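Peer 1: The lines below spell out each chain.
Protein chains: 2
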Amino acid sequence: MIEKTEKIIMLKDFYGPLLTQKQQDALNLYYEDDWSLSEIADSMAISRQGVYDLLKRAEQALLDYEQRLCLLERFSLTREHLDKVIMLLNDIKSADRQKIEGALEIIRAIDDLI
Amino acid sequence: MIEKTEKIIMLKDFYGPLLTQKQQDALNLYYEDDWSLSEIADSMAISRQGVYDLLKRAEQALLDYEQRLCLLERFSLTREHLDKVIMLLNDIKSADRQKIEGALEIIRAIDDLI
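As they're listed, the protein sequences go chains A and B.
Per the numbering used here, residue 20 is the first one in the first sequence, and the count goes up by one each step.
Per the numbering used here, residue 20 is the first one in the second sequence, and the count goes up by one each step.
Please note that a few of the clues may not be correct.
Note that the list lumps identical chains together, so a pair holds whenever it fits in one copy or between two copies.
With a cut-off of at most 30 Å between alpha-carbon atoms, the simulated DSS-like pairs for lysine-lysine come out as follows [stated by the list, open to error]: (1) Lys41 - Lys31; (2) Lys26 - Lys103; (3) Lys75 - Lys103; (4) Lys75 - Lys41; (5) Lys31 - Lys75; (6) Lys41 - Lys23; (7) Lys103 - Lys23; (8) Lys75 - Lys26; (9) Lys23 - Lys75; (10) Lys103 - Lys41.
Simulated from the structure, these hints should not be mistaken for laboratory data.
Since the model is a prediction, treat every value here as computed from it, not as a measurement.
Use the sequences and the hints to build the structure in full.
Peer 2: Listed below in structure tokens is the structure:
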């Protein structure tokens with residue numbers, strides 16, 4: 020459950036602006052502010068089932084966008100590369116050409132990725 | 020004109036998968052393969068005006084996606100940063116801590132950006 024929540028929140032960060040304002044509001048209240056379906060229903064003056072459907076459609080749209088553009092996947096990978104390059108650079112104490120080349124190789128991989 | 024063409028091609032690389040197959044096909048034929056509106060019209064069995072409208076709607080969709088997600092802008096900036104960090108790293112001949120710190124600062128900026 021937590022894993023799914025985290026994924027939806029990350030997808031919302033990437034693709035939120037492509038959703039309707041109502042979808043964004045419902046996702047924010049449910050996933051960020053931890054409101055219940057009933058509380059959101061009261062706030063939006065729609066039925067509990069309506070909120071449920073709204074959230075499901077919004078989540079499905081996010082998953083569909085990710086399937087098409089893979090932004091989350093690409094950025095996760097980019098971040099992994101960046102972490103590695105930072106570790107490498109932090110480790111350079113002298114003119115260690117081999118390490119610098121390693122860092123460069125990763126940076127080129129990032130360049131191909133984005 | 021060339022500038023607009025390049026921008027549309029770059030936007031198509033980012034957001035193409037969000038367009039309909041027909042829109043993607045028309046954009047590819049017109050911008051990548053340099054077909055005329057009439058040639059595309061013949062190929063798609065629609066009117067020349069129909070192709071024009073199809074292209075206009077596709078281009079507007081691309082611009083709208085960019086306005087919402089700013090992927091092109093963000094990636095252009097990321098690429099600039101990467102170019103700088105590569106130049107910096109290439110320039111390191113010895114244990115030049117200052118340059119390494121400079122590179123790290125840029126990498127952190129990339130990290131904040133993505």
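Peer 1: Each hint needs a verdict: does it hold in this structure or not?
Peer 2: Right, here's what the structure says about each hint:
Taking the shortest alpha-carbon separations for Lys41 and Lys31, both the intra-copy value of 13 Å and the inter-copy value of 28 Å come in at or below 30 Å. For a Cα distance limit of 30 Å, the shortest separation of Lys26 from Lys103 inside one copy, 23 Å, qualifies, whereas the shortest one across copies, 32 Å, does not. Proximity of Lys75 to Lys103 under the C-alpha cut-off of 30 Å is found in neither arrangement, the shortest distances being 37 Å within a copy and 43 Å between copies. Taking the shortest alpha-carbon separations for Lys75 and Lys41, both the intra-copy value of 13 Å and the inter-copy value of 28 Å come in at or below 30 Å.
In this assembly of identical chains, Lys31 and Lys75 lie within 30 Å of each other by CA distance both inside one copy and across copies; the values are 13 Å within and 29 Å between. In this assembly of identical chains, the alpha carbons of Lys41 and Lys23 lie at most 30 Å apart only when taken from the same copy (21 Å versus 34 Å across copies). With identical chains, the CA atoms of Lys103 and Lys23 are at most 30 Å apart within one copy only, with a shortest distance of 27 Å there and 37 Å across copies. For the identical chains of this complex, Lys75 and Lys26 are intra-copy neighbours only, at 14 Å inside a copy versus 35 Å across copies, given an alpha-carbon limit of 30 Å.
Proximity of Lys23 and Lys75 under a CA criterion of 30 Å is satisfied intra-copy only: 13 Å inside one chain copy versus 38 Å between copies. In this homomeric assembly, Lys103 and Lys41 never come within 30 Å of each other (Cα to Cα): the closest approach is 39 Å inside a single copy and 41 Å across copies.
When each numbered hint is compared with the structure, violations occur for hints 3 and 10.
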